[in-house]
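J.: Below are the chains, spelled out letter by letter.
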Amino acid sequence: MNEITRIRFLKLLLASTVFAPGLAAFGDALDSLRGDRVGWARLKTPSPHWRRHSEGDPLLMQFFRQQTSLNIDPTWYVAEVENLAEMSKFPLLFSQGIHMIQSANGCANVAEHIRRGGFLLVDACCNRDITPDFDVFLRQQIDFLAAALPEAQVVSLPADHEIYRCRFPIPDGRPPHTFFGNVYDSQKASHGLYGIMIKQRMAGLISLSGLQCGWAHMIAPPGHDVACMKMLVNIYIYAMMQGG
Amino acid sequence: MTQLFEWQFGGWLRGVPPVTAWSVVAAAALAGLMLVIWLYRRTLRQLSPAARNTLTIFRAAIVLLLLLCLANPSRVEKEKPSAPGKKKLAVIVDRSGSMSVPDYRRTTRLADAVRVWKQHEGEAAAVFSEIKYYRFATELVPAGNFDEAVATAKAGPETHLYAALRQAVNDDPGAVVCLTDGLDTTGTAKDDLANEASRRNVPLYFVAGVNRLQPSRSAETLNIREIVAPGTVLRQARFTVGAVFEVAAARDAQLPVELWCGDTRLAAAQLPLRVGMNTLPWSVPVVSSAIGTLPLEFRAGTNTGQRAGCTVEVADHKTVDVLYYQGALQWGYRFLRSALASDPGFRLTSILNPALNVQISVAAADQPTLPDLPDDVNELKQYQIVVLAHIFANRLTARQQAALVEYTRGGGAVLFISPDTQATAGFAGTDLEQMLPVVFAPPAEAEETAAGVNNFHLLIAAAAGTSGGESGSSLSRSQALPDLKPFALPSGAAHSAVSALFEKNDESRPHYVQNARVRTVKPGAEILAVSATPGGGEPQVLLARQQFGDGFAVAMMTDLLWRWKMSLPSESHAAEKFWQQLLLSLAPASGGGLRLVKLTESPSTNQPVMVQITGDTTGPTPNVTAVSPARKYQPLTLQPATNGESGWTATFTPNTTGTWEVQATGTGKKSARLVFPISEKTQSAELMNLPPDMDGMRQLAEATGGAMVEDAPVFQPRDETAAKSGLQHVQPLWNSTWLLGGLLGLYGTELILRRRFRLL
Numbered sequence: 008m009n010e011i012t013r014i015r016f017l018k019l020l021l022a023s024t025v026f027a028p029g030l031a032a033f034g035d036a037l038d039s040l041r042g043d044r045v046g047w048a049r050l051k052t053p054s055p056h057w058r059r060h061s062e063g064d065p066l067l068m069q070f071f072r073q074q075t076s077l078n079i080d081p082t083w084y085v086a087e088v089e090n091l092a093e094m095s096k097f098p099l100l101f102s103q104g105i106h107m108i109q110s111a112n113g114c115a116n117v118a119e120h121i122r123r124g125g126f127l128l129v130d131a132c133c134n135r136d137i138t139p140d141f142d143v144f145l146r147q148q149i150d151f152l153a154a155a156l157p158e159a160q161v162v163s164l165p166a167d168h169e170i171y172r173c174r175f176p177i178p179d180g181r182p183p184h185t186f187f188g189n190v191y192d193s194q195k196a197s198h199g200l201y202g203i204m205i206k207q208r209m210a211g212l213i214s215l216s217g218l219q220c221g222w223a224h225m226i227a228p229p230g231h232d233v234a235c236m237k238m239l240v241n242i243y244i245y246a247m248m249q250g251g
Numbered sequence: 076m077t078q079l080f081e082w083q084f085g086g087w088l089r090g091v092p093p094v095t096a097w098s099v100v101a102a103a104a105l106a107g108l109m110l111v112i113w114l115y116r117r118t119l120r121q122l123s124p125a126a127r128n129t130l131t132i133f134r135a136a137i138v139l140l141l142l143l144c145l146a147n148p149s150r151v152e153k154e155k156p157s158a159p160g161k162k163k164l165a166v167i168v169d170r171s172g173s174m175s176v177p178d179y180r181r182t183t184r185l186a187d188a189v190r191v192w193k194q195h196e197g198e199a200a201a202v203f204s205e206i207k208y209y210r211f212a213t214e215l216v217p218a219g220n221f222d223e224a225v226a227t228a229k230a231g232p233e234t235h236l237y238a239a240l241r242q243a244v245n246d247d248p249g250a251v252v253c254l255t256d257g258l259d260t261t262g263t264a265k266d267d268l269a270n271e272a273s274r275r276n277v278p279l280y281f282v283a284g285v286n287r288l289q290p291s292r293s294a295e296t297l298n299i300r301e302i303v304a305p306g307t308v309l310r311q312a313r314f315t316v317g318a319v320f321e322v323a324a325a326r327d328a329q330l331p332v333e334l335w336c337g338d339t340r341l342a343a344a345q346l347p348l349r350v351g352m353n354t355l356p357w358s359v360p361v362v363s364s365a366i367g368t369l370p371l372e373f374r375a376g377t378n379t380g381q382r383a384g385c386t387v388e389v390a391d392h393k394t395v396d397v398l399y400y401q402g403a404l405q406w407g408y409r410f411l412r413s414a415l416a417s418d419p420g421f422r423l424t425s426i427l428n429p430a431l432n433v434q435i436s437v438a439a440a441d442q443p444t445l446p447d448l449p450d451d452v453n454e455l456k457q458y459q460i461v462v463l464a465h466i467f468a469n470r471l472t473a474r475q476q477a478a479l480v481e482y483t484r485g486g487g488a489v490l491f492i493s494p495d496t497q498a499t500a501g502f503a504g505t506d507l508e509q510m511l512p513v514v515f516a517p518p519a520e521a522e523e524t525a526a527g528v529n530n531f532h533l534l535i536a537a538a539a540g541t542s543g544g545e546s547g548s549s550l551s552r553s554q555a556l557p558d559l560k561p562f563a564l565p566s567g568a569a570h571s572a573v574s575a576l577f578e579k580n581d582e583s584r585p586h587y588v589q590n591a592r593v594r595t596v597k598p599g600a601e602i603l604a605v606s607a608t609p610g611g612g613e614p615q616v617l618l619a620r621q622q623f624g625d626g627f628a629v630a631m632m633t634d635l636l637w638r639w640k641m642s643l644p645s646e647s648h649a650a651e652k653f654w655q656q657l658l659l660s661l662a663p664a665s666g667g668g669l670r671l672v673k674l675t676e677s678p679s680t681n682q683p684v685m686v687q688i689t690g691d692t693t694g695p696t697p698n699v700t701a702v703s704p705a706r707k708y709q710p711l712t713l714q715p716a717t718n719g720e721s722g723w724t725a726t727f728t729p730n731t732t733g734t735w736e737v738q739a740t741g742t743g744k745k746s747a748r749l750v751f752p753i754s755e756k757t758q759s760a761e762l763m764n765l766p767p768d769m770d771g772m773r774q775l776a777e778a779t780g781g782a783m784v785e786d787a788p789v790f791q792p793r794d795e796t797a798a799k800s801g802l803q804h805v806q807p808l809w810n811s812t813w814l815l816g817g818l819l820g821l822y823g824t825e826l827i828l829r830r831r832f833r834l835l
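Sequence lines, in order, name chains B and S. Be aware that the first sequence starts at 8, since it is given in the numbering used here, and climbs by one per residue. Be aware that the second sequence starts at 76, since it is given in the numbering used here, and climbs by one per residue.
Quick caveat, the hints were computed from the structure, so don't treat them as lab data. A virtual CB, placed ideally from N, CA and C, is assigned to each residue, including glycine. Do not rely on the hints blindly, as some may be mistaken.
Said to hold, decoys possible - Just a sample of chain S residues kept apart from chain B, beta carbon distances all over 12 Å, derived: (1) Leu105; (2) Gln121; (3) Ala430; (4) Ala516; (5) Asp558; (6) Leu559; (7) Asn580; (8) Lys597; (9) Asp634; (10) Ser645; (11) Glu646.
What the hints assert, rightly or not - Covered stretches of chain B, going by a simulated chain S footprint (3 or more residues, C-beta under 8 Å): (12) 103-110; (13) 123-132; (14) 137-147; (15) 241-247.
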């Protein structure tokens, strides 16, 4: 257990006393601009890892509420891939990977959710035990989509894509990668983001960056968690602000 | 509106006199101070006197501050009471012809009104600091005293009653007293006057002039004032055309009116007439047939001596330019934009509130965005519809709101969408609300509480890091998301292009999740959809529309229906159709049809007749021709209109009695015609001996907080009770962030000092 020194405790107490009113006023101003409420949901697939890093999701929601006026629930929800009605309550679904969905109903539900206007966000975990090969992972997602949603195309997004600047400027147009054990992997680092495109519309996005590992505080350089959350806020807002 | 600082107290202290309440607070303060001193008298460790005193002072300050918070300091905004105060009183005297015509007893209405007013002059002088006198017939003229206001050499030929009252109200007197028979012969609607008087808090009092004059049974004036019809409609579309008839009736009767399309009678009705001046709107739903021109003609009266017509162009396709402004981040935009993108007839320009610091993503270069909502009406006029989605009052400048109002008044359509009662409450009393068909509800205390509890739960859940899982908790949280609710038609709704969107009881009927409550719907507004109430109860207004100037303002009190879209199978196009048809129905003018309005109330031979041409001012000057009963054609010269409206005026002088016609042709196949009789002598409503309009006066008085002045006393000296009867808005100050922060700061400092002195 981390112990806090007396001096540090007193400093924190003093700082919170001094800055609390200002923060409250800022929060009030942001709250007054909130739109209608929406929930963040993880897609529950047959994969045993579908809820991996979900303990970090409330931090992401908190970041959303602090940095944007999105009226997002601080908690996270579950959308069962076999239950289309449940999936349709959420405009954006987060998944650890859709390649594990085997049932015809599950495949059809993912495709139908997207066709109705929903957005699918796939993010690969950085753990080598979960994702041994990121190239293979990407191929698995593309194969799944080619079978379930043949009208969709997966394209690599250029570094000057709007998704890298619609809310926060992402340096160099490169998504922040979380590396397993904080060991740099040049092959993984070469990947950007991949858009699931249906004609002009981006219907989903595939990330190999391990953004979820970043905001869930896996071992990474300081500030990496915030960088990952900023990238995700950009993805979310881009999904909202383009035609469904 | 005055602002005061008050100690409001609370609980049982609220009802007791301030002296008693303060005594209780002082006693509590004294007891608290003594307790603090006693508690710090002995401490765990020995303290120096300075340290002991410092801690005691901090603790005592906290106690005192807490007691002051409990005394509930508040800012109280008091509206001016409706009862007249020590302000000036405006007394205006109607000196039109109808007030001076004697009955068989040689009594005039003016004399009767003067007799009644003389009884109240003294009590008015006691209540008001100053009394100013005016007289009017066609315009308001100041008078030195009451006798001068009453005495005039010649009575006026018309009564511009509402214009005169409006002018008097604009000076912000404490009240206006009008001696009149209530007849306004100009056909002006009294709603604007009532609204303005209410807004300025000026009550109107009427002293009715009554005599036993018998109405003339031979004379009656009839006038088709205007036709309202779209210039262009889509094929097979249902649209509405309307006309406004002005009739001065000497007795209760019925006015037969008809709408014709070529040789086919489309509709007929009998409009009830009451004695006096009548302004009667009549609208008819029409279905456009084949592509081409649809000639429509309204006829009024028994011998259809009055006719007015226009043409409506039926097109296969038209382009609708939509300006979309969004005030908050939400998913509705994605789905609305997608719905409109499926029809190339819609051109969408998007704006996101710049305070959100978010860029709108566009998929193609032909989907423009703007940095902010224009505050110039000319920029707004490029669009046929402006959609305001989930906006906030404090994020729109006064200039932006004024531009929106002017845009709508000039023929644009505004669709206001918000599901948030608290956000809409911010628009109460704004220019934007005056334009909209609904009056917004103030944020109810219960809703505030619910919102507060909700936010509290959200924060607790966030702080606890609540996570989902395969247990029952995930199911329950999933079910906690709100369910979809259907729109419903209000009872007795007439069939229209918009009502058709809510008639079918299948998946094509839109569903919503959240809606804002409104306080009321304005008179004259049309309720298009309400909430379904399967278990009974009062339905809530979800969609309402009203004409505002030449345009439309629509309020949709729900979300942007994206959850409904997500609930539909992907093959369904119900959501797309709904948005497209709703927006199409709101863009009726599309350039506007050509309109002819007869400005001369009662034309006669050898007197100039003036007509106004409006509705197609963007193209070249239309051709206008006067046609005599003998079918002689006389081209007319147009002059730009000088009455503040767009368009032109033309004048001709008929030289013979009979049925005359004025024809106008504009660009394309747009045309309008006006048929009316010319008599030998001018028939003015002023001298038809119409009875006083008691109902109209009473309605105006009641609507503005005034009264009819009769024998009983009307003006009472203002007392304290009356002063307190004005509305109060109480804003508590004890829960101010800074006050609570200061309290926390004091307590934190005391804790730090106690730690420093090793008491903790």
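J.: Can you give the numbers of the hints that this structure goes against, from lowest to highest?
T.: 3, 5, 6, 9, 10, 11, 12 and 14
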